[in-house]
Every structure is written in structure tokens, then in C-alpha cells.
Amino acid sequence: MLSVFLEVLRRDLLLAWRNRADVLVTLAFFTIVACLFPFGVGAEPNLLRTIAPGVLWVAALLATLLSLHRVFSQDHADGVLEQLLLSPEPTVLWVLAKVLAHWLTTAVPLIVAAPALALLFDMTQSATEVLILSLLLGTPILSLLGGVGAALTLGLRGGGMLLALLVLPLFVPILIFGAGAVDAYLAGTGATAHLMLLGGGSLGALALAPWACAAALRIAVE
Amino acid sequence: MESGQRFSLFRYAAPHLFYPLAGRLAPWFAAAAVILTLVGLYLGFFVAPTDAVQGEVYRVIFIHVPAAWMSMFIYLIMAFWSAVGVVFNTRLSAMMAQALAPTGAMFCFVALWTGALWGRPTWGAYWVWDARLTSQLLLLFLYFGFIALTRAIEDPRRADRAGAILALVGAVNVPIIYFSVKWWNTLHQGASVSLTKAPSMATTMLMAMLVMALASWAYTIAVVLWRVRPLILERERHTEWVGDVLETAEGRA
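Quick note, the sequences are listed as chains A and B, same order. Take 3 as the starting number for the first sequence in this note's numbering and just add one per residue. Take 5 as the starting number for the second sequence in this note's numbering and just add one per residue.
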């Protein structure tokens with residue numbers, strides 16, 4: 003059973019490596035969105051420091067959103083998805099592997115790039131550490147919930163816009179706790195509660211989202 | 005539809021039995037809605053006393069609060085029908101969920117709009133980023149997402165089931181959204197009517213509000229029954245009974 007998980011994970015990572023331009027485009031998008039904000043609100047350092055956690059989280063949210071179509075659409079187009087659904091292996095398992103591959107190829111590069119962007123916003127080192135921690139704990143929820151949205155909108159016209167409408171309202175709590183963690187740390191109240199809620203949300207999404215995702219895939223492919 | 009005959013509870017889960025029932029019930033609920041709205045508005049605007057603190061502007065609550073209640077109830081009912089549809093694989097429950105969604109979105113919008121009109125004189129701003137306003141706005145987006153998804157899918161069976169999953173995922177998330185937004189910010193005055201403590205408002209005001217709430221229920225039921233009828237006809241158009249219904253309708257016209 004574990005071998006299916008590892009095999010699908012290996013395959014998706016290999017495909018992502020062969021198409022590494024896609025990963026880089028997501029990363030570039032993340033950087034550019036974050037860099038637009040100073041042009042919009044002005045480059046006053048205090049203001050930038052205040053909005054930095056929110057801006058970086060919103061940019062991460064949008065970058066994840068734009069990369070979500072990669073999770074299933076290619077496999078849907080070439081028929082791999084149908085074969086996987088027909089196979090006797092548990093759907094939840096390989097769905098989880100695909101979502102994990104998405105997280106590794108989308109969220110992890112963003113998290114690696116985030117400290118550099120934090121410098122542009124003049125964030126202190128300790129605040130950046132909290133931001134990274136919040137991203138590490140929060141982005142798995144984005145991939146898991148986003149996977150459900152991607153499965154629901156698989157093969158629909160106007161899928162991208164529709165996906166945004168479906169998942170962005172659900173992402174709001176993650177944004178609140180993610181950006182809130184850094185704000186709470188800077189305000190001196192400590193970020194523990196926010197980070198714990200993010201971690202709890204990740205575990206909850208890990209327990210529930212793969213099932214919803216598997217059901218949505220079955221509906222989409224039928 | 006043999007099973008519908010055996011279990012009386014599921015009898016009207018059969019579209020061909022529910023269709024005439026909906027047609028018979030809808031006018032009654034519509035009449036109840038009109039009467040209750042007239043009574044409620046009369047009580048609210050002419051009988052209820054002027055509020056000592058807020059003056060006349062508070063009277064918007066007779067529309068605002070029932071609309072806000074309804075918008076949340078309707079999402080729950082939608083999720084309930086979606087769960088029924090997923091568990092029992094009934095066709096009618098998905099149609100009910102889709103008939104409910106536009107009314108829920110409408111009430112959500114009414115609640116936001118009247119809230120803005122009330123907020124301007126009371127808080128000095130049409131909009132504040134407070135917990136209840138924000139979660140109401142997000143609820144509106146959830147309704148839009150549900151409507152958009154079910155309309156974007158051509159195959160009705162897929163639309164039904166995808167919508168059901170989305171409604172259930174949304175229902176799990178609604179409390180999370182509510183509490184996260186509440187954590188994030190709260191300026192709003194506390195809820196005036198709660199189940200745990202005695203309501204802090206005059207009896208006539210409460211009466212007017214409850215009558216308006218009943219009116220919204222009656223309105224919702226009437227509109228949903230009316231909206232679900234053409235949905236049933238469209239989905240069941242390949243069946244014999246729809247042919248009969250349409251023939252008699254043509255014969256009358």
C-alpha cells in the first residue's frame with residue numbers, strides 16, 4: 003500500500019522536475035506580487051514592516067491558487083487519473099501523494115524564497131522566523147483544500163476563476179492565523195496560539211480533505 | 005420508485021410525487037409570507053416603540069436580523085440536503101439544494117445591505133471589518149461559489165454531486181471561518197437575541213422580529229417550491245409523467 007503512495011509521489015516529483023519552468027514561474031509570480039505592494043502603498047519602511055506578513059501570505063495564497071490546476075489536470079487529460087481510479091489501490095492514498103507532491107513543488111520553494119522577500123520589507127530576523135514557521139504549518143492546508151477545489155473544477159470551462167471563487171473564502175482563516183502569528187509575535191503576545199491553530203488546522207485538513215478530494219475525483223471522471 | 009411507496013417518510017422523495025405536492029403547497033406558503041410580512045412590518049414600523057439609544061434607525065433590524073438568520077439557516081439546510089443526497093443518492097435533494105442557494109445568497113445580500121444602511125448612522129461608516137459582517141460576506145462568497153460550480157457543470161448528475169461535496173466542505177468550514185474572523189476582530193455589538201439569556205429588547209420589538217422571521221421562512225419555502233418545480237421538469241423530461249404534465253398544461257393554454 004505504501005508503495006503506491008511512494009510511486010505516485012516519485013512520479014509527480016519527477017514530472018515536476020522535468021517541467022521545472024512551471025515551478026519557477028510560480029516562484030516568480032510570488033515574488034512579483036509581493037513586490038507590487040510597495041509601489042501601491044508607498045515605500046515607507048514602517049508601513050512596509052506592518053503589512054509585510056499579510057502581503058507575503060496573500061502572495062503565497064495566490065501563487066498556490068494559480069498552481070492548483072497542476073495537481074490533476076495533466077493526469078486527467080492523458081487518462082492516468084482514470085487508470086488510478088480503476089486500480090484497486092485506495093484512492094485516498096495516492097490523492098494524498100499527489101497533494102504532498104504539490105506541496106513540495108509549490109509551497110516549499112515559496113517558503114525558501116520568503117526570507118529574501120522579508121528582507122525587502124525590512125522584517126526583523128525573529129519576525130521572519132515566525133513567518134516561516136507559520137508558512138510551514140499553514141501551507142499544507144492550502145494544498146489539501148485546494149486539491150478538493152481542483153478536483154471539483156476538473157475539466158470545466160472557466161475552471162481557474164471558478165476555482166478561485168471556491169477556495170479563496172475557505173483560505174481566509176489560514177490567512178488570518180498565518181499573518182496573525184507574525185503580528186501577535188511583534189505585538190509581544192506570542193505566536194504560540196496562532197501556530198498551534200495552524201498546526202491543528204493542518205492535521206484536521208489532512209484527516210478530512212483527502213476523502214472529499216477522492217469523492218470529487220470520482221464524480222469528475224465518471 | 006417502488007421504495008417510495010413502502011416508506012412513507014421517503015414517499016415524496018420521488019420527483020413525480022413531489023412535483024404536484026410542491027405546486028399545491030407553494031401558494032399557501034406564499035400567502036402566509038405576504039400576511040406575515042404585512043403584520044410584521046406593521047408591528048415593526050407602527051407599534052414598536054422608538055429605541056431610546058438608536059432612535060428610528062434601529063427599525064431596520066426587522067428586515068436585517070431575519071435576513072441574516074435566514075441566510076445562515078439556508079446554508080445549513082442546503083448542507084443537510086446535500087448530505088441526504090450523498091448518503092441516499094436521491095435526485096430530489098440535490099435539486100432542493102440548488103433551489104435554495106439563490107434565496108440564501110439573496111438573504112445574505114439583504115442582510116449586508118441593510119446592515120450597511122444601519123451602520124452609517126450608528127457607527128458612522130457603511131462598512132467596518134468586524135467579525136459578523138466579514139463572515140456574512142464570506143458566506144455570500146460561499147453561496148456564489150456553490151451557484152457558480154453547479155451552473156458551470158453541464159452534466160446534471162455531476163453538478164449535483166460536486167455541489168453536494170462543496171456544500172459539505174463549506175458547512176465544515178463555516179464555523180471555522182466564523183471563529184477565526186471573530187478572533188481577528190470584533191467591534192460589533194453583542195447579539196441582542198440569544199437562547200441562553202433573556203432578550204434585551206421590548207416585547208413588541210421581539211414580536212415584530214419573530215413575525216418577520218416566520219415571514220422569511222414562509223417566503224423561502226414558497227420560492228424554493230416554485231423554483232424546484234421547473235428543475236424537476238427539466239431533469240425528468242425523459243419520463244412519461246413529465247410528458248403528461250406538459251400535455252395537460254398545453255391543453256389548458
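Be aware that a few hints might be false.
[Said to hold, decoys possible] In the SDA-like style, the derived pairs of lysine to any residue whose C-alpha atoms are separated by at most 20 Å in a straight line are:
id, chain 1, residue 1, chain 2, residue 2
1, B, Lys-186, A, Gln-85
2, B, Lys-186, B, Trp-131
3, B, Lys-186, A, Glu-131
4, B, Lys-186, A, Gly-202
5, B, Lys-186, B, Trp-133
6, B, Lys-186, A, Val-82
Simulated from the structure, these hints should not be mistaken for laboratory data.
inquiry  = Let me make sure I understand: some of the numbered hints might not hold for this structure. Which ones are they, in numerical order?
reply    = Hints 1, 3 and 6 contradicted; others consistent.
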